[in-house]
Amino acid sequence: MAYPANYRYTKEHEWVDVKSDVAAIGITDYAQHELGDVVFVELPKVGAKIEAGKTFGTVESVKAVSDIYAPASGEVVEANEVLHNTPEKINTDPHGEGWLIKVRLANPAEISGLMDTAAYEAYIASQSKEASA
Amino acid sequence: MESVTTSPITELRKTALNAEHRRLGAKMVNFGGWDMPVEYPATGGLVAEHKAVRSAVGLFDVSHMGDIRIRSGRVSGGALAAVQHISMNDASKLAIGQAHYSAMLYPEGTFVDDVIVHRLGEDDYLLVINAGTREKDINWVRENTKGFDCVVEELSDAYTQLAIQGPRAQELLQKLTDANLGVIKNYWFTHGTVCGLKDTLIARTGYTGEDGFEIYVRSDAATSAMVWNKLLEAGREFGILACGLGARNTLRLESKMALYGHEISDKINVWEAGLDRYCKMEKGDFIGRAALERAKAAGLTRALVGLEMVDRGIARDEYCCCNESGEVIGVVTSGSPSPTLCKNIALAYVPPAMTELGTPIYVQIRSQKCKAQVVATPFYRRPKKTVAPQATANV
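Taken in sequence, the protein lines are chains A and B. My numbering applies: residue 1 is where the first sequence begins, and numbers increase by one. My numbering applies: residue 1001 is where the second sequence begins, and numbers increase by one.
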């Protein structure tokens, strides 16, 4: 699956799509693949504050629980309620319909510290190499 | 996102089928020091594998399991006496060709390991033990059979153990063997030619709650791969899937089969685990018996129950259980979404007073207390075989 060129990425495999001062956040195709079939998602409520580098929610597969880390700080303006009943959208469309939350950024400059698409692709390539070594 | 399972990559033990798992694109994990497939994403992954076993057939590499053979020494009866001493079920009831579930206990009545005891011959027993406890078990068996006229031999590395599980398992395996599988009863075994390999042990056993077989073949990579691939090939018409440890865990959990380190351990006794029917106090003395007698007289302080989540949330291993007022009263030993039931289920130790069906139990899931209730177990029981399936539309 292609990694959208305009997104920014974290080492914990979250993506951020910034439109003016609001950022949509999700987990990457690499992440959903590692996790397997997603069966449960726990997201913060609208109005909640999230802080860069801290966990803001969890995504669970049958086998594993994964914490989701905030790529940037801000206030939650929307949570993807659709995922309550159809968490598998994270598997089928991780960079699109499987988005988790939208956040009004407190400090848009934080985004520039994240990886661009080329850097993230190089990062996961090195991760996969490590795993199969 | 950060994955919970992180595994050091070096020095893991491998089964003879490791290359086959990797060829199939399996996701590999460190399981008790073994590099094992947890699921095969390319063929659908854990949930698809689980469903294949419940509705058709699945194939598992369980070669990480250990095998201990105990034979009599100079005089007949030595092996039986040793097995009786080190395990809680009554091995004197086993006919040649029969197996049973049992456990080896510490003097405290807690678990060294659970085990399947097979009676291979008049004075010949095979104990199949867990992977993570292999060294501990073999040392413990050697130590505790010293006073008996028997020979203890570890055969773990000699066998590739494959589990063929599901309602179509018999049909599939029958294509590859001359043994008449239809006459093998549950927990009995025979020897036959499988994929051209003479004298292969074929047991009607498993760890999934479905009908199925476990076979034991030579552990060289070529032989193991040949049998593995023939089974997958012959099973294609039934929709067979290679299955990993992930599905093995959800299948055994739905069927309430104990997992060492979870429902049973060196801290948990037989009565707490609810394994009374496999513990034969009347058979004579065995290691752990005296402590179990005392424990029975003293009464239980906790018991294993099945839980079903009422609130949204998945109970996981080691999460705390609370009562309505928030006091911690127990712990989850295994918890997972159930692919068959589409519910979130768990096994947990709680006080005996809270084991009534319908009792509310609150599971601490991260910052929240999520309501669950005690339900009947096993969570899943396979449908009874019908003599003429077409005649009984059993809905």
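Be aware that a few hints might be false.
As the list claims (entries may be wrong) - Simulated pairs of lysine-lysine, DSBU-like, Cα-Cα distance not exceeding 35 Å:
1) A:K89 to B:K1256
2) B:K1371 to B:K1296
3) B:K1296 to A:K89
These aren't lab readings, by the way, just hints derived from the structure by calculation.
Status of each hint after checking the structure:
no.: 1; hint: A:K89 to B:K1256; verdict: holds, 31 Å
no.: 2; hint: B:K1371 to B:K1296; verdict: holds, 31 Å
no.: 3; hint: B:K1296 to A:K89; verdict: violated, 51 Å
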